[in-house]
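2 protein chains.
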Amino acid sequence: MSTTPRIDVNAVRDSLYGKWKTERLEARRVASDPRFQTIPGQSMEDHRARVLEQLGGLVEAGAIQRAYPSDLGGSDNHGGNIAAFQELVFADPSLQIKSGVQWGLFGAAILHLGTRTHHEKWLPDVISLKLPGAFAMTEIGHGSDVASVATTATYDPGAEEFEIHTPFRGAWKEFLGNAALHGQAAVVFAQLITGGVNHGVHAFFVPIRTPEGELLPGVGAEDDGVKGGLNGIDNGRLHFTNVRIPRENLLNRYGDVAPDGTYSSHIESPGRRFFTMIGTLVQGRVSLDGSAANAMKGALAIALRYGAERRQFPGPDGRDTVLLDYGLHQRRLLPRLAETYAVAFAGHRLLETFDEVFSGANDTDENREDLETLAAALKPLSTWAALDVLQEAREATGGAGFIAKNRLTGWRADLDIYVTFEGDNNVLLQLVGKRLLTDYAAQFKDGDVAAIAKAVAGQIGEGAVRFGLRQIGQSIADLGQVARSVEGVRDESAQRELLADRVQTMVAAIAMALRESTKDLPKERRAAASAAAFNAQQAKLIDAARAHGELLQWEAFTEALADFSGDTLTVMTWLRDLFGLSLIEKHAAWYLVNGRLSGSRVEAVTAYIDRLLGRIREQALDLVDAFDLTPELLRAEIATGIEAERQAEAHAHVEARIADGTWPIHEKELRKRAQAVS
Amino acid sequence: MSTTPRIDVNAVRDSLYGKWKTERLEARRVASDPRFQTIPGQSMEDHRARVLEQLGGLVEAGAIQRAYPSDLGGSDNHGGNIAAFQELVFADPSLQIKSGVQWGLFGAAILHLGTRTHHEKWLPDVISLKLPGAFAMTEIGHGSDVASVATTATYDPGAEEFEIHTPFRGAWKEFLGNAALHGQAAVVFAQLITGGVNHGVHAFFVPIRTPEGELLPGVGAEDDGVKGGLNGIDNGRLHFTNVRIPRENLLNRYGDVAPDGTYSSHIESPGRRFFTMIGTLVQGRVSLDGSAANAMKGALAIALRYGAERRQFPGPDGRDTVLLDYGLHQRRLLPRLAETYAVAFAGHRLLETFDEVFSGANDTDENREDLETLAAALKPLSTWAALDVLQEAREATGGAGFIAKNRLTGWRADLDIYVTFEGDNNVLLQLVGKRLLTDYAAQFKDGDVAAIAKAVAGQIGEGAVRFGLRQIGQSIADLGQVARSVEGVRDESAQRELLADRVQTMVAAIAMALRESTKDLPKERRAAASAAAFNAQQAKLIDAARAHGELLQWEAFTEALADFSGDTLTVMTWLRDLFGLSLIEKHAAWYLVNGRLSGSRVEAVTAYIDRLLGRIREQALDLVDAFDLTPELLRAEIATGIEAERQAEAHAHVEARIADGTWPIHEKELRKRAQAVS
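Protein chains in written order, with UniProt numbering: chain P, 1 to 678; chain D, 1 to 678.
Because the hints were derived from the structure by calculation, they are not lab data. No incorrect hints appear here.
Any copy will do: because identical chains look the same in the list, a pair fits if it lies in one copy or spans two.
Listed next, the in silico DMTMM-like pairs over lysine to aspartate or glutamate satisfying Cα-Cα at most 25 Å (straight line):
id, residue 1, residue 2
1, K586, E603
2, K586, D543
3, K668, D365
4, K540, E585
5, K668, E161
6, K405, D46
7, K540, D388
8, K434, D520
9, K540, D325
10, K540, E516
11, K434, D543
12, K519, E603
13, K19, D628
14, K540, D320
15, K586, E392
Build out the structure end to end from the sequences listed, making use of the hints.
Encoded structure:
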């Protein structure tokens, strides 16, 4: 007799908490306190005031100091800091992001771009919230293109001051949390000009308001007003008219100006210097990635618990069918459950890499670069996935999901901006794509078009290719030729090869197209032709970067299987297979066009996914329990069992009326009986 | 020399206005009046009060009477009424939907389900808003399954009254606009019970509040509170405890109860009677379909105008590139522009069919059934497309798109619920799928499995199959065998055949799977096996229904081409091709698996789409101008040219500083020069 396996919920729970379980539990305790929780429908003004007060509460609770140096009251705990931050999405994303502005951007910029004097001078007040600040990087005219900001910081050796200046409206700093109301200072990114030379973007500490909230001379601010979400944050614009700051307010870890105006930096290349400075800000992406994973957990906990109780339309037994027993409902929610696990496990790996770099345990240039690529690949996938899952959960719970107190619409509105801030998702994926191309090109002799052509055909053989963070092996072009069955695709190595081969082949094809575009051109026409060719390949490059991110997620899920054994391993392997095969099904057209899978094999994949859905359906509530989301964290009425109670009441009512003979007969039944008699 | 064609914007504009241009323009004048417009960030209380006041304004403006009988102050103009309603999405979706509750649901139920006495008694006050009302159909326990509502209306011949009663919490009426605050009466859907027999769901007029807002005895109400959007509407719950209403309050057009309790109806079958009553409510779906089209126009007008000005990242000429010149940006927005036109044209056809039925010009059972299928197929596609387009427009405009005053997030939040109300989209598509199966089965002799098998293989030949509203012809299984080129797929007939064949083959495959599931079973096991098989096919059936809707959209677009000539026809044909080929590309996996297209043909489709994108990019602003969205309707700062002004200012600033020699040289340039010298 075959019995349904049961997972060890505690084992899965611990695996999902990951390395910083203690910090996550501490943050969840904070998020469980009503003082820190969203009140749906609050006015923007009230919400902003409340969130500011909540930030004070976080300080009191000791919830935000972890990443700061021990001698300033912190604990040098970089991974734990971000892990805790990620859990605040259960309290209120406005609270989360405003705390991110204060301690993860404003404070972290002073910490990572400034030096000891700056730390001692400002960080205690930043940590205590005595000094709320803004992170003034983005400008109206230059969203994700930080290198092009137009604000200037011109050094005046006579006064030993920088003059911070906004030359035109497009250079206004924009979308800055704390800018509209609460910020008293800002870390301003500006072109550093000294002696008539522009040394590129640097960060400056600029006071902007008195503690009483009066703007300082030369500083202008404008309120961004109501937004699509995150209305607990006072986003706004800042501009500067010849605002003077002391020379020492340059955050000078990577570049400094002597009193006489001489510029110096231990990083010679201005490009590398810029990317090093910007690289210290990767923690924003890491933070959002795990926050997205948490919102996905919340959404699915709500939709699956409700779907396992809710009944609609009579089945063959006369009783309404439970939503989660519908084939479509399983298709809508269960692959997303698998994806949520994949996003969570990939997020752990990202956070661990982040901690290695920032703790200094493994702070090599290579690991730093890998961290940035990993973050740029995973943050887009997870933040988009969060919006997708929140929306599907909203629709799967119908009108009930649209009521604010059931949480889904609030998270959806707040997390909307996660896909374009801390780096627009498409811009980040393009960075990943460029890295893939660079790594790919690095292995070929310059101009070796034949080698690339061979790679495009998927015939690389032993010459393994390094893709960003991955080693990818042999060709699997023969996979499609095996007889009709899912056997050849469902095992782990086949999934890995299919996913990895797709990245490899896409990148090779783009590389060849780019090379072909200029190869017979005279030198003076190459730049334009190359730009045009790159533009023509842009959408494909981003697809390739996405495929790379999906591979990373799949591998993280697969590595996580090592945490489990027995029934738990069986179920988690099904879930990993559901994730992997869903990716292959999603990209079936690519596999077919490129001869990797036959049509019948694609159909077999779909059929096997359907079988997996039937199995995972039985595990869905346990897999949701492993998220460990208490009622205080979830706070969604429809996930409390209220629906099952109502149904029990309805059922009992009908049964009682049938028993006492007062249940009216339906006209349909009467007509049937009449027909039977006649 | 080839010149770029230019469209006749006025011709396209008129085509997009369609048959009820006058009414649409009247409604746009209303929507252009600030009194009727959204104020972002209003509190729920203020927003509700404002929208109620706006409803009064609509009455004064003569904006809502059109569908009512002439002798009651209306103009029997059903199509024009809905056309005007659809334009109100530019004012405020809350205003739109609350007016829909009052006049399109509450009032329309009295009009269509009631008889002359009811019309004379209540409609004048409904029209004048003296009598605000709720439409009490949905129950907590039964969202889209109206036949299962549990509220009872039990006739008492002694008192000649119905007793309206809510037997348990799951039977509370839920999500009703006007229920929380403003409704003084409700049309309540309840099981009509007389003489111990349940005659199924009927509608009853039930007073619920005094004009002063006091709930009447036995009536309970609860506020749904803050929602994900549409917060200008006072949604709530209603329940009834033995509430007595006169016998005459039964809306008795399709079923009546005599004083002695005898039930009568001119529709004998209870099932058909129910669907006839419910069928009168199709106008909600028609209304939402066109509203979705309008929101798509608004979103793309904003994103494309901004994208045509906004610059990011330096191109090879040193100037930042216009977003819309990026390959990815074109891929993101232009196929959605084509889809918007398809949705708009399909919406015209739906509205014309609606008008034919409701005006009586062509009110046959068959046309009524076709109308319902058409609405059930198109409303899901258009409302989902609206959310997709609003979100892509939001992301394509970055942080600016997240600011409420730029409109996108507000529409996105409000229209979210459009995908699950007036029929959950998936439930509607399942209805369409069932209709496709029924029509398909009707042409075969009972049990003729061989014939179905033949159909599945796509070999039907001359035996044309009727699919819902479409006649679909011969097999095109040979299309994939032509040499590598797009020639065979890009012309109109090839697009039609590919799209139609897909619907046909999917439906045939499902039909065969369903038949196979029971054919060797004993009778007593068939019901369960059949239900299980249907459930296993559910996701595929919904895919087939969606494919059917896409075919309808494509055909409507193709029919609309008859409105154009010359350059305009050329461009509109490109746009239709972009729509059709994008559908084929989206479903490439299906075409490949089923042998309809070869891999190289699929690649040729993608390459041709890329060429079309380059052409349509040049037409994008004209195609948006044809939406005729004035600044008063659009009200999005980023679509006003402000971005181009800011850039001109920035450009002038830089030029002037270069001219006067004060533009600082960049360190990168200095290093280059130093290298050149050494």
